[in-house]
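Visitor: For the protein sequence lines, the chains are A and B, in the order given.
What the first sequence shows, in this note's numbering, is residues 1 to 470, in sequence order.
What the second sequence shows, in this note's numbering, is residues 471 to 564, in sequence order.
Read the hints as simulated data drawn from the structure, not as lab findings.
In this text the structure is predicted, and so the values were computed from the model without any measurement.
Here a beta-carbon is modelled for each residue, glycine too, at the ideal position from N, C-alpha and C.
Careful: at least some of the hints might be erroneous.
[As the list claims (entries may be wrong)] Derived, one-sided and incomplete: chain A residues facing chain B with beta-carbon distance under 10 Å:
no., residue
1, 143
2, 230
3, 306
Residues per chain, in single letters:
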Amino acid sequence: MNFESIINLAYVIAATLFVFGIKMLGSAETARRGNLISGLGMLIAVVVTLLNKGMSYQWIVAGLILGALIGGLSARLVKMTSMPELVALFNGFGGLASLLVAWAELEKIRSVGWQSYSMEMGTPSYFSSFVIYLAMLIGGITFTGSLYAYGKLSGKVSGQAQVFSGQKAVNALMLIAILAVGVVFTWSGDLDIANKLFITGVVLALVFGIMGVMPIGGGDMPVVISLLNSCSGLAASAAGFVIANNVLIVAGCLVGASGLILTAIMCKAMNRTLGNVLFSGFGAASQSEGDGDDREPKAVSVQDAYYVLEAAGSVVFIPGYGMAVAQAQHVVKELAELLEDNGAEVNFAIHPVAGRMPGHMNVLLAEADVSYDQLVEMDNINPVMPTVDVAVVIGANDVVNPAAAQDESSPIYGMPIIEAHNAKTVFILKRGQGKGFSGLVNKLFVMDNARMIYGDAKATISALVNELKG
Amino acid sequence: MDLVLLFFIFVLAAFLGLELISKVPSQLHTPLMSGSNAISGITIVGALVATGSNETGSVGMVLGFLALVFATINVVGGYLVTDRMLQMFKKKDK
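Working from the sequences, and respecting the hints, build out all of it.
Guide: Structure representation (structure tokens):
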């Protein structure tokens, strides 16, 4: 067996470990081990690559140390609540790396010439050009798209959907330009022209990534984040075609496919198609005022809420993005514990798209040390909701809007919701009388069993905690 | 390497990836995403080759070096963040 096959064999082992790793990440008991196993696969892939003949190591060592320092420190130091944006940022870096790998390969072709390059790779020049352009394109879109998503998640740019007239036309034109440049790039044999076209393509891809995420509003972010995650995998896979490397193709494609599954789960949780999420500019357009139901929401004081909670035998918390904004997870946990000591059964109902990324609420509550068997999924909580004494909605809106189940004219009709309105009493913690992300009137707020508690969620819950401590 | 073989591998991996995860509990959505995101940092292998080989020319080497730094951030940061997250998801003894 020669040296080359040993390296390829090691790549097969690495790919197998990735498969097991992803599989194990899908279940709570094995997730942590799964992550370690896929990390081991990555280590093997890196080490055997370093064993390749004719490698010069000084820049490699410098790059590895620099990257590991930045990545390691930011992973250790960042606050748990900033996790969503950090994941988006890492995702973007992966895309950028794939773009740069494709670009470096083009430079290699430029320095050795097409003839000897094609000979070495055993692939026709148009194929190499095609996959170089593809890896650059997906990587570039992933990079700026993720950066923009990072900005939206961290509040550095407005989380609202940004829509302007003619946006679709501009995007369509850009897409045509990207394809046209790609076609010419693929078929032109001249390397100087190819270089100019490539750089044009890079600019177009980077701008297109921003344009693509721009019309997508905050509540739809879970879909976009998981789609970008899928894209970074596809970019790596395309880079694998560029350098004809199996492990890149397999690992990248696995990530691409599993990211698509997650995207589909997110879309299903909103009862919308991917196309609708990406292109509709949902939440930006002004919505109608509903069916003229002019009942006013009834407010209640913290004191009165305390009496109800104190007497409750079962309480369900329904957190949403508002809890993340108010950083209220720790006081919520404290309140939950006090209620349990008081004899109540306490659960947390988690909607799949609550928050700004898939599983956002779970991360926050886990950070506050809430045991995960208290976190109940939507499908399991709804059947028992009528037996619940008090449902406490913390900064959630659309995911508890009964219009999604009852009002066929509602834009969110058909979206599965947590049926908080079926609980005996519903408290809604809300900053003000504003509307949710979708801009819709929430009928839950005016229902007879619903009471609003206005104010900052964290302050409200702290006040309740103090009352309970008495 | 044979082109058709590469496509063959790609298609099989796609189906494997689609079958691998069917029903994920929502608490694992974030770790799954960040864990698979770390795997997409596999492009680090391409970056290593680009940085280490002497054929790419000086521009190519700079590009490779940058790719290596970003891919390493993706890989190291991705795995550590995922592990930190999963560490929090534990059953509490009451």
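Visitor: Now tell me, hint by hint, if it's right for this structure.
Guide: Hint by hint, here is what the structure shows:
1. Using the Cβ-Cβ criterion of 10 Å, the hint placing residue 143 of chain A at the interface with chain B is satisfied: the shortest such distance is roughly 9 Å.
2. This hint holds: residue 230 of chain A has a C-beta 9 Å from the nearest C-beta of chain B, less than the 10 Å allowed.
3. Interface hint status for residue 306 of chain A: violated, as the beta-carbon distance to the closest one in chain B is roughly 25 Å, over 10 Å.
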